[in-house]
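K.L.:
Sequence:
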Amino acid sequence: MDVLSQRLKTKVQRPAFNIFEYSVSLHLSAKFDCMALFKSGNPTLTEKMFDRAQQASADNAGVMSIRGTINKFGFLMLMVVAGAAYTWNLYMQEKPQTAMTLMIVGAIGGLITGLIISFKPNWAGYLAPAYGILQGLFIGAISVVINSMFA
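With the numbering used here as the guide, the letters of the sequence shown map in order to residues 9 to 159.
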């Protein structure tokens, strides 16, 4: 068994004398645990979540482009602005109770949707527009309340 395949099968325990050899062995080691450096109680930062995200990205092997990213950002921003404009319009039509109800729905619904997206990242493509609208409802209501306090 040659040295390279042996290093790929074993975890790097201590640095070698040669710094170049050590850095190469770290990069080539298949079992090197980067997450051991960052321990957290946060359930979204566990090794299992990163493995799931890596598997989901391998399943959706599409190419990310700047144009696609900007298009998705623009669409989600449009959802946020639409939700905020709707809530603002309700408040200005002398229906503040409905706007406050939508603020609570937006806050709680956005929190629940965000948690679902955190634990099920493969659902993000379907839930992102709903999350944008819910956050827009909340942002619109908060904005109009603060505006009416200082106007």
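Watch out, some of these pointers could steer you wrong.
What the hints assert, rightly or not - Here are the simulated BS3-like pairs of lysine-lysine, each with C-alpha atoms no more than 30 Å apart in a straight line:
| no. | residue 1 | residue 2 |
| --- | --- | --- |
| 1 | K128 | K56 |
| 2 | K56 | K103 |
| 3 | K80 | K56 |
Said to hold, decoys possible - Between beta-carbon pairs, the in silico distance windows are:
| no. | residue 1 | residue 2 | range |
| --- | --- | --- | --- |
| 4 | S48 | R75 | 29 to 39 Å |
| 5 | L123 | N97 | 21 to 31 Å |
| 6 | I154 | I124 | 40 to 50 Å |
| 7 | T54 | L135 | 36 to 46 Å |
| 8 | S156 | G76 | 33 to 43 Å |
| 9 | Q105 | G76 | 18 to 28 Å |
| 10 | M57 | S156 | 36 to 46 Å |
| 11 | G122 | D59 | 15 to 25 Å |
| 12 | N155 | F127 | 43 to 53 Å |
No lab work stands behind these hints, which were simulated from the structure alone.
Every residue, glycine too, gets a C-beta built ideally from N, C-alpha and C.
K.L.:
Take the hints in turn and mark each one as holding or not.
P.N.:
We went through each hint and held it up to the structure:
1. K128 with K56: Measuring from Cα to Cα gives roughly 12 Å; hence the hint holds.
2. K56 with K103: Not OK: K56 and K103 at ~47 Å, beyond 30 Å, violated.
3. K80 with K56: holds (27 Å)
4. S48 with R75: 29 to 39 Å: holds (35 Å)
5. L123 with N97: 21 to 31 Å: holds (29 Å)
6. I154 with I124: 40 to 50 Å: Once the Cβ atoms are compared, 29 Å apart, the range 40 to 50 Å for I124 and I154 is violated.
7. T54 with L135: 36 to 46 Å: Cβ of T54 to Cβ of L135: about 21 Å, so the range 36 to 46 Å is violated.
8. S156 with G76: 33 to 43 Å: This hint holds: roughly 39 Å between Cβ atoms.
9. Q105 with G76: 18 to 28 Å: Cβ of Q105 to Cβ of G76: about 41 Å, so the range 18 to 28 Å is violated.
10. M57 with S156: 36 to 46 Å: holds (42 Å)
11. G122 with D59: 15 to 25 Å: Roughly 21 Å apart at Cβ, these two residues keep to the hinted range, so it holds.
12. N155 with F127: 43 to 53 Å: violated (35 Å)
Of the numbered hints given earlier, the model fails hints 2, 6, 7, 9, 12; all others are met.
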